[in-house]
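A.B. asks: Sequence:
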Amino acid sequence: MLDPESKQSSSDDSLQHSSDDAAARIRPLVIDGVQYMEQVMPRFLDDLRRLCLIDSPSDDSAGLNLMAEQLVVLLQQVGMQTAIVEHPRGSAVVGTIEGRNRTAPTCLLIGHHDTVHPIGAAEERTKLEEGKFYSPGTVDMKAGLLQGVYALEILRQQNFQDFKKITFLSVPDEEISNRYSVGLIKQIAQERPLVLGLEGAKSIGTV
Numbered sequence: 004m005l006d007p008e009s010k011q012s013s014s015d016d017s018l019q020h021s022s023d024d025a026a027a028r029i030r031p032l033v034i035d036g037v038q039y040m041e042q043v044m045p046r047f048l049d050d051l052r053r054l055c056l057i058d059s060p061s062d063d064s065a066g067l068n069l070m071a072e073q074l075v076v077l078l079q080q081v082g083m084q085t086a087i088v089e090h091p092r093g094s095a096v097v098g099t100i101e102g103r104n105r106t107a108p109t110c111l112l113i114g115h116h117d118t119v120h121p122i123g124a125a126e127e128r129t130k131l132e133e134g135k136f137y138s139p140g141t142v143d144m145k146a147g148l149l150q151g152v153y154a155l156e157i158l159r160q161q162n163f164q165d166f167k168k169i170t171f172l173s174v175p176d177e178e179i180s181n182r183y184s185v186g187l188i189k190q191i192a193q194e195r196p197l198v199l200g201l202e203g204a205k206s207i208g209t210v
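Residues in the sequence shown are numbered consecutively from 4, following our numbering.
Everything labelled a hint here was simulated from the structure, so no lab data went into it. Any given hint could turn out to be false.
If you anchor each label on the Cβ, the simulated ranges turn out as follows [said to hold, decoys possible]:
#, residue 1, residue 2, range
1, Thr99, Gly134, 28 to 38 Å
2, Glu202, Ile29, 21 to 31 Å
3, Ile188, Asp62, 16 to 26 Å
4, Gln38, Arg182, 38 to 48 Å
Capping the alpha-carbon separation at 27 Å, the derived lysine-lysine pairs in DSS-like fashion look like this [unchecked claim]:
#, residue 1, residue 2
5, Lys167, Lys189
6, Lys135, Lys205
7, Lys189, Lys168
8, Lys130, Lys205
All values reported here derive from a predicted model rather than from experimental measurement. Backbone N, C-alpha and C define an ideal beta-carbon position, used for all residues, glycine too.
From just these sequences and the hints, can you work out the full model?
C.D. replies: This is the structure in C-alpha cells:
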C-alpha cells in the first residue's frame, strides 16, 4: 500500500511537469508577442492618443458613447463579435471571440472607459515626451483597454486558438458610486470566467 505522502509527492510531481510543459509552450508565444509589440508600437501610440483625446468623464454620455464606438471598431479589427449595451447615461461594450478548446474556461478581460477628468483636460495635457506618453485617463485606464485589444491582436497573428471563449467588457461607470452596469457584469459572471483586470499598475507596482 502506498502511503499518503508518496501519493502526494506523485501528484505534486505531475502538477510540476504539467506546469513546466505549459511554460515551455507559452514562452515562445510571449517572446514573439513582445517582438510584435515593438514593431507596432507607433500604431499603438496613435491609437492611444486617439482614445485619450476623447474626454469621457463618468457624467458625459456623449464622450462615453464615443469611446464605446471606438472600442467596438478596435475589437472588430481583431476578430471579435461586438455589442454596444446602451444606457441613457453611457454605453458599455461587450466583445467575444470563440476558440477551439471546449474544455478550457472562459476568460474575461474587464475594464472601464470612464475617467475622473473634466472635459477639456485631454486636449490640454496630452503629450509624448522623452519616450513617455502623458494624458488624463491613460493609466486609469485607456492604455489598459488598448493593451487588451493588442493582446487579442497578437493571439490572432499567432493563430492561437487554444481557449474556449474570451470576453472583453468595458463599462462606463467604474468611477462613480451609482453603478448602473452591475447587472451586466453579473450576467457575464454567470459563466464563471477567469478574470483579468486590464487596469495598469503605477510606477511603484501598485494598482
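A.B. asks: Measure nothing beyond the straight line between the CA atoms of lysine 189 and lysine 168; if it is 27 Å or shorter, mark the hint as holding.
C.D. replies: holds (17 Å)
A.B. asks: Checking one constraint from the list: CA of lysine 167 to CA of lysine 189, max 27 Å. Satisfied?
C.D. replies: holds (20 Å)
A.B. asks: Note whether the CB distance of glutamine 38 and arginine 182 lies within 38 to 48 Å or breaks it.
C.D. replies: Given about 39 Å between the Cβ atoms, the range holds.
A.B. asks: Just to be sure I understand the hint, the distance between the Cβ atoms of threonine 99 and glycine 134 should be within 28 to 38 Å; is that true here?
C.D. replies: holds (35 Å)
A.B. asks: Given the hint of 21 to 31 Å, is the C-beta distance from glutamate 202 to isoleucine 29 inside that range or not?
C.D. replies: With Cβ atoms ~23 Å apart, the hint holds.
A.B. asks: Within 27 Å, alpha carbon to alpha carbon, are lysine 135 and lysine 205?
C.D. replies: holds (14 Å)
A.B. asks: Sort out whether lysine 205 lies within 27 Å of lysine 130, counting only the CA atoms.
C.D. replies: Holds: lysine 130 and lysine 205 sit about 18 Å apart, inside 27 Å.
A.B. asks: Quick check: does the Cβ-Cβ distance between isoleucine 188 and aspartate 62 fall within 16 to 26 Å?
C.D. replies: holds (20 Å)
Figure legend: structure checked against the earlier numbered hints; every hint is met.
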